[in-house]
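As they're listed, the protein sequences go chains A and B.
Position one of the first sequence corresponds to residue 1 (the working numbering), numbered consecutively onward.
Position one of the second sequence corresponds to residue 95 (the working numbering), numbered consecutively onward.
Everything labelled a hint here was simulated from the structure, so no lab data went into it.
Just so you know, even glycine gets a beta-carbon here, dropped at the ideal spot from N, CA and C.
A hint or two may mislead.
If you want the footprint, here are the derived chain A segments under chain B, 3+ residues with CB under 8 Å [unchecked claim]: (1) 47 to 56; (2) 66 to 75.
Looking from chain B toward chain A, a few residues come up when the C-beta cut is under 10 Å (computed) [claimed, not checked]: (3) 114; (4) 605; (5) 778; (6) 816.
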Amino acid sequence: MADREGLTSRLWGPLAEVAADAGYAEPPPRMGFFTDTSVCIGCKACEVACKEWNLLPEDGISLLGSSYDNTGALGASTWRHVKFIEQPVAVAYA
Amino acid sequence: MGSNMAENHPVAFQWVVQAKLHGATVIHVDPRFTRTSALARRHVPIRAGSDIVFLGALVSHVLSGGHYFGEYIIPYTNAADLVPEDFRDTEDLGGLFSGWDGQAGRYDPASWQLTGERDETLRHRRCVLQVLKRHFARYTPELVEQVCGIPQESFAAVAEAVTSNSGRDRTTAFVYSVGWTQHTSGVQNIRTAAILQALLGNMGRPSGGIMALRGHASIQGSTDVPTLFDLLPGYLPMPHAGQDDLDSYARAGQEPAGFWGPFRSYAVSLLKAWFGDAATAGNDWCFGYLPRLTGDHGTYQTVTAQIDGACKGYFLVGENPAVGSANARMQRLGLARLDWLVVRDLQLIESATFWQDAPEIETGELSTGEIGTEVFFMPAAAHTEKNGSFTNTQRMLQWRHQAVEPPGDARSDLWFYYHLGRRIREKLAGPAADRDRPVLDLTWDYPVEGRLAEPSAQEVLREINGTGPEGRALSSYTELRDDGSTRCGVWIYCGCYAGEVNQTARRKPWRDQSWVAPEWGWAWPSNRRILYNRASADPEGRPWSQRKAYVWWDPERGEWTGHDDPDVERAKPPSYVPPAGTAGPDALAGTDAFIMQRDGKAALFVPSGLADGPLPAHYEPAESPCRNPLYDQQADPALRRYQRPENPYNPPESEAFPYVFTTYRLTEHHTAGGMSRTLPYLAELQPEFFCEVSPELARERGLEHAGWATIITARTAIEARVMVTARITPLTVQGRTVHQVGLPFHWGQRGITTGDPANDLLAVALDPNELIQESKVATCDIRPGRRPRGPALLDLVAACRRRAGISPGGDR
Numbered sequence: 001m002a003d004r005e006g007l008t009s010r011l012w013g014p015l016a017e018v019a020a021d022a023g024y025a026e027p028p029p030r031m032g033f034f035t036d037t038s039v040c041i042g043c044k045a046c047e048v049a050c051k052e053w054n055l056l057p058e059d060g061i062s063l064l065g066s067s068y069d070n071t072g073a074l075g076a077s078t079w080r081h082v083k084f085i086e087q088p089v090a091v092a093y094a
Numbered sequence: 095m096g097s098n099m100a101e102n103h104p105v106a107f108q109w110v111v112q113a114k115l116h117g118a119t120v121i122h123v124d125p126r127f128t129r130t131s132a133l134a135r136r137h138v139p140i141r142a143g144s145d146i147v148f149l150g151a152l153v154s155h156v157l158s159g160g161h162y163f164g165e166y167i168i169p170y171t172n173a174a175d176l177v178p179e180d181f182r183d184t185e186d187l188g189g190l191f192s193g194w195d196g197q198a199g200r201y202d203p204a205s206w207q208l209t210g211e212r213d214e215t216l217r218h219r220r221c222v223l224q225v226l227k228r229h230f231a232r233y234t235p236e237l238v239e240q241v242c243g244i245p246q247e248s249f250a251a252v253a254e255a256v257t258s259n260s261g262r263d264r265t266t267a268f269v270y271s272v273g274w275t276q277h278t279s280g281v282q283n284i285r286t287a288a289i290l291q292a293l294l295g296n297m298g299r300p301s302g303g304i305m306a307l308r309g310h311a312s313i314q315g316s317t318d319v320p321t322l323f324d325l326l327p328g329y330l331p332m333p334h335a336g337q338d339d340l341d342s343y344a345r346a347g348q349e350p351a352g353f354w355g356p357f358r359s360y361a362v363s364l365l366k367a368w369f370g371d372a373a374t375a376g377n378d379w380c381f382g383y384l385p386r387l388t389g390d391h392g393t394y395q396t397v398t399a400q401i402d403g404a405c406k407g408y409f410l411v412g413e414n415p416a417v418g419s420a421n422a423r424m425q426r427l428g429l430a431r432l433d434w435l436v437v438r439d440l441q442l443i444e445s446a447t448f449w450q451d452a453p454e455i456e457t458g459e460l461s462t463g464e465i466g467t468e469v470f471f472m473p474a475a476a477h478t479e480k481n482g483s484f485t486n487t488q489r490m491l492q493w494r495h496q497a498v499e500p501p502g503d504a505r506s507d508l509w510f511y512y513h514l515g516r517r518i519r520e521k522l523a524g525p526a527a528d529r530d531r532p533v534l535d536l537t538w539d540y541p542v543e544g545r546l547a548e549p550s551a552q553e554v555l556r557e558i559n560g561t562g563p564e565g566r567a568l569s570s571y572t573e574l575r576d577d578g579s580t581r582c583g584v585w586i587y588c589g590c591y592a593g594e595v596n597q598t599a600r601r602k603p604w605r606d607q608s609w610v611a612p613e614w615g616w617a618w619p620s621n622r623r624i625l626y627n628r629a630s631a632d633p634e635g636r637p638w639s640q641r642k643a644y645v646w647w648d649p650e651r652g653e654w655t656g657h658d659d660p661d662v663e664r665a666k667p668p669s670y671v672p673p674a675g676t677a678g679p680d681a682l683a684g685t686d687a688f689i690m691q692r693d694g695k696a697a698l699f700v701p702s703g704l705a706d707g708p709l710p711a712h713y714e715p716a717e718s719p720c721r722n723p724l725y726d727q728q729a730d731p732a733l734r735r736y737q738r739p740e741n742p743y744n745p746p747e748s749e750a751f752p753y754v755f756t757t758y759r760l761t762e763h764h765t766a767g768g769m770s771r772t773l774p775y776l777a778e779l780q781p782e783f784f785c786e787v788s789p790e791l792a793r794e795r796g797l798e799h800a801g802w803a804t805i806i807t808a809r810t811a812i813e814a815r816v817m818v819t820a821r822i823t824p825l826t827v828q829g830r831t832v833h834q835v836g837l838p839f840h841w842g843q844r845g846i847t848t849g850d851p852a853n854d855l856l857a858v859a860l861d862p863n864e865l866i867q868e869s870k871v872a873t874c875d876i877r878p879g880r881r882p883r884g885p886a887l888l889d890l891v892a893a894c895r896r897r898a899g900i901s902p903g904g905d906r
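Given these sequences and hints, build the entire structure.
What follows is the structure, encoded as structure tokens:
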């Protein structure tokens, strides 16, 4: 769905009133996640909280072989995704 | 060290992250690079089971470099005490201390007793500091490199970080979890850290100490109010056979000086709490009602008794040993020999369904039709469905309020035991046999409330707190008496209901109180947030520095004061010297900061109480691919083994089992999985049992990422999906490469996500002090592909045992 500026997607808000646009009269204010990646450990409790709050179903029980990420990608039943990217870091002894 | 705090204690880890934002240096020493390492300044990969070498080398560095806190260790530790002439160190006896009885397989600690003489110049060759220096002299950075597989530069960086951050102005903290405890050297791992922290003056001071992170909610509570076979509430020992009366029991437990002096008051108050008016001076306060120990009645000993047919009934409460205990197969064999089994859990766990789906049914070792165990499954209420308290890792009790009623037949543990006791007592009513008196004389009068007749958890807390002669709640353990006038269920918890108020339910926001936050929950003892905090002040009672001021002596008011409750009698001046003939707390001087010790001093050298030596020494794990380069003694001489056909051990340095493995948890799952594998949202996050291996090991063994591997020990073989990751580092140990395999232990045959239990691979080898199993290190083989099915699995394991030279009886 296009927002008021005619864009189909954007990386920063405010986002279009999708609930109102879909016919939800007087929708409650939209909520978002604030993520501070400097303190995040990647526990994915936010993914679980999102699913619980929005009553989304489990989305597949399969090992992806992608570090500790078995969510894989966003989708109809997965609205939040924490990725794991393993990368080598130089160790300095000083 | 020995902790993956971010994953297993994510809520507490937020404070580590906050400390980091305030400038703290976080170092993670662990076999694997985990989500904790990712947030640490430095990750130091270590070979599992070599912690004493690493910590011992830090001790050696502190001693040889003069980095210890001299003004702290002379008054506050036993550094100046002399060991007797006949004490011999592991350095003298090839890895044994004096007193070893090879026949009995245990130590006689007579030659470890300190003489009572002191040399405060610390120069006497028999003073503890000099003994320590000689004992740890060979624990060098070179040895760390050789044994732990840690490069010398990496060790030097850690040593510099620790020593430069300790002293008057700064303190360093150690955090550990079961990565230290679950070893045959578990107690000595922690002992080594205790020596280091005492030498650096980091005990009893803010941001110092050694933080023991417990395994899950209220495990601290379950040692304080114990579920352990050898303890009564508040760390009173369980009586032994032969302790026929309270006098003989109290004589054994009482110390001449310090706060174990009033032992009898704690014990009598406990008996009065349990047996009420029935306990009188005339009947020895019902002391005869208590069961007596005749030996090891620990969980692993109990399982061997089940297999041998001696133990016929079993309660499992919030525990899933068919998945979660070392050598889980042995646990299942034990369960299958019982007459009856009661399982109380949230879900039908593997320990309740072993009779139909244990892996041994598939291999033909067990058959459902031949298992006689009658299993009673009792659904349990979850923590949101009942009132009660959690005692967390820092000894803090926090009250929980019930949010909803438990569903269906689910009941709280409190409900279950109260009503079970009530019904048993009803059955015993009438003319009582002597053997029934202990049950009938129990105080069992808790008020019940609500539709389910739920006993009042708050009334239980009040009984734990204790009451005085007028039936009013007590405020401190110092009020307890041995004349029967006080009742107290757990002496260290006395004060949690002071003033008839549930102190554990306090939730004053941090911004409305001091930075110590004494009005959030309640910490034992006496709401003290840091134990032994007398040591935060110098011998004269002045803070070591303004930056680290915590409690101090106020000479004008003539009392101790500060940010926390002082861990010393308020009116005892620093200059106090005990007059001859005093006992208990009065026999400790004003400078004796470690008030639970009979000499009031932190024990660098432990004269009694340890089964495997007064000082830590490095022994290889029960199963290791390496030879002990320090001593002829390969493994801890006192470690406990069960030589049985179902518990064979991999021989040390075995070519059949060349790799090290370690077991652990993931943040997405809970221990043996009963609370997480059954939930779709958690199951999808970690959907399968996997093993973590380095790219180098994968190449060596032909393991394919996301493929399958079979992991084999003398006990069994299991299969796991393969996770090849550079987070696992091969280590160079004694000139050769040692590979470590990581195995999360959450899986079993039930739930939404299923898999082989990693604990099936482990043998039962126990620390001799606490009887904890060595589940953090053992040896294995690993091969590509899935394991055989059915009886073919047994053939594979038998072939590996033959290759390793293990006889069918379990010994070599």
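A quick look at each hint next to the structure:
no., hint, verdict
1, 47 to 56, "holds (count 4)"
2, 66 to 75, "holds (count 4)"
3, 114, "9 Å, holds"
4, 605, "20 Å, violated"
5, 778, "5 Å, holds"
6, 816, "8 Å, holds"
Of the numbered hints listed earlier, the single one contradicted by the structure is hint 4.
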